[in-house]
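If you read the protein sequences in the order shown, they are chains A and B.
Once you know that position 36 of the first sequence is 36 in this note's numbering, the rest is easy, because the numbers rise by one and skip nothing.
Once you know that position 24 of the second sequence is 24 in this note's numbering, the rest is easy, because the numbers rise by one and skip nothing.
Hints in this document: simulated from the structure, not taken from any laboratory.
Please note that the accuracy of each hint is not assured.
Pair by pair, the computed Cβ-Cβ distance ranges are [claimed, not checked]:
{"#": "1", "chain 1": "A", "residue 1": "Ala227", "chain 2": "B", "residue 2": "Ala23", "range": "16 to 22 Å"}
{"#": "2", "chain 1": "B", "residue 1": "Leu16", "chain 2": "A", "residue 2": "Ala4", "range": "40 to 46 Å"}
{"#": "3", "chain 1": "A", "residue 1": "Ile271", "chain 2": "B", "residue 2": "Asp133", "range": "36 to 42 Å"}
{"#": "4", "chain 1": "B", "residue 1": "Val187", "chain 2": "A", "residue 2": "Ala54", "range": "16 to 22 Å"}
{"#": "5", "chain 1": "B", "residue 1": "Ser12", "chain 2": "A", "residue 2": "Arg69", "range": "51 to 57 Å"}
{"#": "6", "chain 1": "B", "residue 1": "Pro186", "chain 2": "A", "residue 2": "Leu51", "range": "36 to 42 Å"}
{"#": "7", "chain 1": "A", "residue 1": "Ser305", "chain 2": "B", "residue 2": "Val187", "range": "37 to 43 Å"}
{"#": "8", "chain 1": "A", "residue 1": "Pro68", "chain 2": "B", "residue 2": "Glu153", "range": "36 to 42 Å"}
{"#": "9", "chain 1": "B", "residue 1": "Ser63", "chain 2": "A", "residue 2": "Pro68", "range": "27 to 33 Å"}
{"#": "10", "chain 1": "B", "residue 1": "Gly82", "chain 2": "A", "residue 2": "Ile40", "range": "49 to 55 Å"}
{"#": "11", "chain 1": "B", "residue 1": "Pro113", "chain 2": "A", "residue 2": "Leu51", "range": "54 to 60 Å"}
{"#": "12", "chain 1": "A", "residue 1": "Leu47", "chain 2": "B", "residue 2": "Arg9", "range": "24 to 30 Å"}
{"#": "13", "chain 1": "B", "residue 1": "Ala23", "chain 2": "A", "residue 2": "Tyr2", "range": "42 to 48 Å"}
Here a beta-carbon is modelled for each residue, glycine too, at the ideal position from N, C-alpha and C.
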Amino acid sequence: MYRARLKKDLERWAEMGLISQQASDAMLEDHDSRSTTPAIGGVLLMLSAVLLSAAILLLVAANWQAIPRLVKVSGIILLIWIFHGGAAFSLAYGRKATGQALLVLGAASFGAAMSLVGQLYHLSGDLLDLLYVWIGMATLSALIFRSGAMAGFVGLLALGLAGATIDQFNFAWVAETVWTPPLLALLIAFLSWFTGNVRVQNLAGLLLLGWLAWIYGEVMRTDLAVAYAVGGLVLFALTVLPGLARHAVVRLAGLHALLLSGLGLVILNSIYDKGLPLAFVAIGAVAVAIVALVLRGREDGQLRSVAYLIFGGEILYLSFATIDSLLGTSGFFLISGVIVALLALGASQVEKRLQARKGRAVGAGIDAGWGGERP
Amino acid sequence: MMQGNHLFRLLSGAVLLAALQTAVIGYQIGERAHILREGREILLRTEAVDPRDLLRGDYVVLSYPISRIPEEKIIGPRPTDGHDVRLHVRVAPEPDGFAVVAEASFADLPEKPGTVVLTSEPLLSYALPEQGDIIPVHYGIERFYVPEGQGKEIEAARNQGAVTVAVRVSSCGKAQIRQLFVGGTPVYREPDF
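Bound-form chain A, shown alone (with noise of 0.2 Å):
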């Protein structure tokens, strides 16, 4: 996606003359020497890593008595030894995809070794503390390899974990599942951290909105709805300063926080149904995405779509609840359009004003000294 932009700003500006084509060409091998997206090799290693991995996993749990419990037993200790070796040997020799492959089918092993003894000894009821082991051997494997791959394993068995847990607890306010889900969230960001893999973030951050979601549903409290729709929006806020918001961590917690104050707002919109309440949840809700338009809209296209999400989601419910009429909800968008435009006209104002000045500081051949980040 950046590529494309990039080669579109290049040839832009080497047509301009602003610089040279070799130098175009340069900067693009550049980018591309440098990348850091997967590739499709890659991609593809690991997906038949994941089919591989479900492929041992369920044939743990065809129990098919045709091979004898002990060649089961030996057999699935020998993947694990030969899926670890293989992945330490591939690494050594730069084989990163495979490396990274072999692990995955290493750990999925490992789980379905784990299956077959409690399946072998008719275990019932152990099923959290299956995970636990399992959780902790895959984050040790994301540790020891610095694992990228492995940290999305780990990710993926935290979102296991806390459903279990929360389902065999019966969604009971107890230490084990109030506490669960932050903890995992936390290991699942340091892994994010040590391992370098910043998508795996994404699953922290759902794990966290879920748990948020779970707390509302305990306490029914509509000032919890308010902070979150309040916090979430601080909180992202915080994410655009410009020191903070030069690291893609920080940006997609951000995108979170967003998400956080989005799940505030539908609950709020639940609590009040209707009336001036409806009204002032709305105008929230389109503030809310204004705001964050104003201030990250321009550079993140997934911001972009949670906003607009949030936007058009209040706009579609609105227009299904109706604040008292269709007449008194046509007039509250008629008022609401008239102070968005005012807005925009406002926003392009200062856009033109800060590009002029942008434009005599380049002109002066002085460096303005913005950070490459709008403020």
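Chain B: place on chain A using the hints.
Positioned in the frame of chain A, the structure of chain B alone reads:
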């Protein structure tokens, strides 16, 4: 040389991880095999569900008369705090050989000849038991895993009360299914390791 060091470090990591995982599996098998070899045996009747576990496959749900503890069988103090509460259940065989609940306690129960003490899993929703209450408990022996698609026969037999189970219990009260019988005949007989 650099390459060799790198390989050595990664390989040690792999060996460490694989050895740890093998040890975990070995420990899990060893613990269960130990109960089967050394534990004391009790016979249980089962009562009258074809569910499937994503990881372990099809299983038959087993429920036992000893899974429901009447409040009057509980001796000793009752805990007020509901966290990680387990019941210790003393079972003794009746003349027909099947074990029934003799007494239960939240504190440890001393050994008594001719009886076996089982430790339940933590009670899920603990409230101070009142008179006439029946407390449901689990012992970790509530599932019998069967080859895919073969659970129906055992379930049919179970629903007719024809399924019995031999359980071995370790000295600390952990239970382990040793054998399942349908109409007195053992099914899926396997070595203990």
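(message) Checking each numbered hint in turn, tell me which of them this model violates, lowest number first.
(response) Numbers 1, 4, 5, 7 and 8 - these are the hints that the structure violates, sorted from lowest upward.
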